[in-house]
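A.B. asks: Sequence:
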Amino acid sequence: MVEVWHKGQDILGEGPVWHSSEDALYWLDIKGKKLQRRTLSGQYNSWSLPERASALAFQEKDILLLATESGLYDYTLSTDTMTRRVSLEPELPHNRSNEGKCDPWGNFWCGTMDDTEQQKSGALYRYTPNGEWTKQLDGIGISNTLAWSPDGTIMYFADSLEQTMYAFDIEPESGKLTNQRIFLSTKGTQATPDGSAMDTEGHLWNCQWDGGKVVRYAPDGSIKQVIELPVSRPTSCAFGGKEMKTLFITSASVGLSEVQRQQEPLAGAVFAVEVAIRGAEIPAFT
7 MVEVWHKGQD ILGEGPVWHS SEDALYWLDI KGKKLQRRTL SGQYNSWSLP ERASALAFQE
67 KDILLLATES GLYDYTLSTD TMTRRVSLEP ELPHNRSNEG KCDPWGNFWC GTMDDTEQQK
127 SGALYRYTPN GEWTKQLDGI GISNTLAWSP DGTIMYFADS LEQTMYAFDI EPESGKLTNQ
187 RIFLSTKGTQ ATPDGSAMDT EGHLWNCQWD GGKVVRYAPD GSIKQVIELP VSRPTSCAFG
247 GKEMKTLFIT SASVGLSEVQ RQQEPLAGAV FAVEVAIRGA EIPAFT
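Counting with the working numbering, you get residues 7 to 292 for the letters of the sequence shown.
Since the hints were derived computationally from the structure, they do not count as laboratory data.
Since this is a predicted model, take the numbers as computed values, not measurements.
A few of these clues could be false.
Unchecked claim - Within a straight-line C-alpha distance of at most 35 Å, the following computed DSBU-like cross-link-like pairs (lysine-lysine) qualify:
1) Lys193 - Lys40
2) Lys126 - Lys193
3) Lys37 - Lys67
4) Lys39 - Lys182
5) Lys37 - Lys182
6) Lys40 - Lys67
7) Lys219 - Lys141
8) Lys248 - Lys219
9) Lys219 - Lys182
10) Lys182 - Lys251
11) Lys193 - Lys39
12) Lys141 - Lys193
Required output: the full structure, derived from the provided sequences and hints.
C.D. replies: Written out as structure tokens, the structure reads:
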């Protein structure tokens with residue numbers, strides 16, 4: 007059963023990450039330039055950001071790693087201050103970050119996109135805790151989904167402009183990606199693969215933009231479960247809760263017509279679904 011967990015009105019909700027020691031979900035509204043946090047007990051906090059941010063990772067104490075339109079930053083919650091670590095594609099002013107997540111080894115991956123959603127000028131980068139910033143893929147339309155198999159041998163990454171998600175073999179030390187193959191495609195439908203979460207059985211839960219659903223895929227790409235949602239534009243999801251069996255789902259209201267907005271009063275809310283499988287916790291940037 008799908009529950010409305012936070013009845014917000016995000017323009018483009020994204021980047022949910024569960025903080026287990028705080029019993030809290032953190033997420034972003036990219037176009038609303040807002041960082042948000044809500045605990046299981048219902049305590050809600052938000053922070054206004056100076057620019058659009060699309061992804062986050064936890065560090066020590068109250069410091070987050072934020073991927074914004076201009077770079078990677080240390081963001082200190084208590085002082086509301088940002089310190090730049092890396093500039094993001096200054097030679098491509100029309101690009102911005104769109105996806106980011108820590109891998110099982112504590113490195114942060116960040117994908118970019120053309121802000122007009124027309125050009126394939128995006129790329130995928132890997133940023134290590136010792137400051138190495140390397141490009142792993144280029145020629146990307148809209149970066150989405152970063153997920154790793156439980157054994158750490160496979161990485162999943164989607165290009166929403168192509169309506170396609172790929173699987174790669176990954177070398178942990180260097181992050182080198184090989185053996186690219188199509189994992190899923192939604193071509194021929196309205197749906198587009200957006201953000202995803204991995205469970206402990208190695209199944210991928212994918213939010214489908216303009217599809218109004220979350221789909222659970224087995225490692226062979228077969229569909230095992232479909233969760234229908236009361237909104238057409240789910241954006242990303244993350245496992246959390248006391249037992250890591252709650253799937254939190256962010257959504258967007260951006261681009262909806264007035265008629266659609268009337269039909270989807272919950273667009274921009276965060277939803278929660280209790281599932282039977284434990285989710286994989288996202289590592290901190292360490």
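A.B. asks: Checking against the hints above, which ones are violated?
C.D. replies: none
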